[in-house]
Amino acid sequence: MTNGKDMAVVLDHVSKTFGEKQVLRDITFSVARRETICVLGRSGTGKSVTLKLIIALTKPEMGHIWIDGDDITRLEGQALSRVRRKMGFLFQNAALFDFLTLYDNLALPLRRLTHKSEQEIEEIIDRVLRQVGLSGDKEKLPLELSGGMKKRAGLARALVLEPEILLVDEPSSGLDRITASEIDELLLKQKEHTTMIVVSHDVHGARRIADRFAVLDQGRLAGLGTPQDLEHHENETVRKLVMEG
Amino acid sequence: MPKKKATGLTKRLEAIGKAALFALRVIKDAFRAPFELSYVWLELTDQGWLSLPLIVSSGLALGLVMTLHTRTELIKFGAGAWIPEIQCLSFFVEIGPLVAALLVAGRVGAGMGASLAEMRATEQVDAIEALSIDSFKLLVVPRVVACFLALPLLTTFMDFCGVTSGFLSEHFLSHISLQLYLARAFRGVEWSNFVPPTLKTAVFGFIIGTVSCFFGYTTNEGAEGVRKAATNSVVVSSLLIIMADVILVKIIFILFPGTAL
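From first to last, the protein sequence lines stand for chains G and C.
This note's numbering applies: residue 1 is where the first sequence begins, and numbers increase by one.
This note's numbering applies: residue 1 is where the second sequence begins, and numbers increase by one.
Hints should not be assumed to be uniformly reliable.
[What the hints assert, rightly or not] Within a straight-line C-alpha distance of at most 30 Å, the following computed DSSO-like cross-link-like pairs (lysine-lysine) qualify: (1) LYS21(G) to LYS228(C); (2) LYS86(G) to LYS137(C); (3) LYS21(G) to LYS18(C); (4) LYS240(G) to LYS189(G); (5) LYS59(G) to LYS250(C).
Please keep in mind that the hints were generated in silico from the structure rather than gathered at the bench.
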């Protein structure tokens, strides 16, 4: 597979090992611009690692990962920062900075990475917090937020720089069905203008937001296609994971 | 088994090498923009201001205990008039700097190690990197700089408290006036007895900050990593402070020969 400049994200024969354990083996798939792909799989099959590889929080032993034509696995310093700025990341537990208020959590990247005035920053934060339904909570510390609020706050922080690509790790984990559905709604709103790669255990939610599924099994890409295609896949694990909902 | 010993030794040497590179990166990044002054101030408040009650209470208690101990012996030899000077010199030269550093290593070092390890465990460090922000510059450098600046200030407070409680103790036991106590206390004290030992605590601050941040920032073992980071921060920084003290005292003697008591 080439660098695929027409694709938003391309994983090209990627392998990743932690110590003795090979977590990902020869993973190859690509994500088109404004496409949403959900990565499904059993626990420990390397789904979250895939997201961390895409944003270069960890590097693969083998293979290449192209983001808008740039091989992020080979980048360092300013060049890496430039490519990372195209992406937003919603972490599984939101990973809000516990020493900063919600407002400052969102303001941090804007103050660091843009030349906007404090007034402009405040306007952006107010707008994004309104989008996720947290406009009345901006002075709260992360410890004062519930699980669902933290997820929404994490999403707000991921969106504050208006990323072209949104990486989402387990958006519904630890949330009740209604709150998980609210998060799905927020992701659906992003779908029109953002490329999304969503790691999920929740097939019901994944079916709502995904254009395609990528199913990982024992570190390998076991299935790739639309939910309907994968319902008839030859691999039983793939069928089970896709049909679970 | 010889092979296992070699592996353990190699791992330790590797860890020392990594810690040394970590310390060099702290120094290099401290002089590179952006200077994170708001975060340095935040850390100074946390490390300095919140350590003050511990430093003040320990200084007062130590000053009192030391006067009581030295008084018993010196009175026997008719040298009671030397108590203020001995109290003052011992606090300025060694007790103040060393005890302040060890107290800060316990309070601040453990806290810094644990908080950074927790940030690592809860993916906050990854989140900073994912936002294209240098997490080392944002989390490590301000902590070390604040520790470097806070220690000399806290040492000065400890010296002041030690001398004050020494006076109070002597005042109640021998009814000495404040004027006479101060005159005797500073009779043989020179600036070189106060300034170099106080400034050497900046090195202790650098050690506490760097060691604690190293254990906290580089761990990747979840909750167990938080516990290890807190423990190792205190143990290793305390040990290094004592070792560095020996070297720094020797250097002070070479640079200021008059300070050798």
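* To do: Would you check the hint for LYS86(G) and LYS137(C), treating anything up to 30 Å between C-alpha atoms as holding?
  => holds, 22 Å
* Quick one, are LYS21(G) and LYS228(C) close enough, alpha carbons at most 30 Å? -> Given pair LYS21(G), LYS228(C) holds - Cα atoms ~24 Å apart, limit 30 Å.
* Asked: Quick one, are LYS59(G) and LYS250(C) close enough, alpha carbons at most 30 Å?
  -> violated, 47 Å
* Asked: Does LYS189(G) lie within 30 Å of LYS240(G) when you go C-alpha to C-alpha?
  -> holds, 28 Å
* Taken at face value, is the distance from the CA of LYS18(C) to the CA of LYS21(G) at most 30 Å? -> holds, 24 Å
In this structure, only the earlier hint numbered 5 is contradicted, and the remaining ones agree with it.
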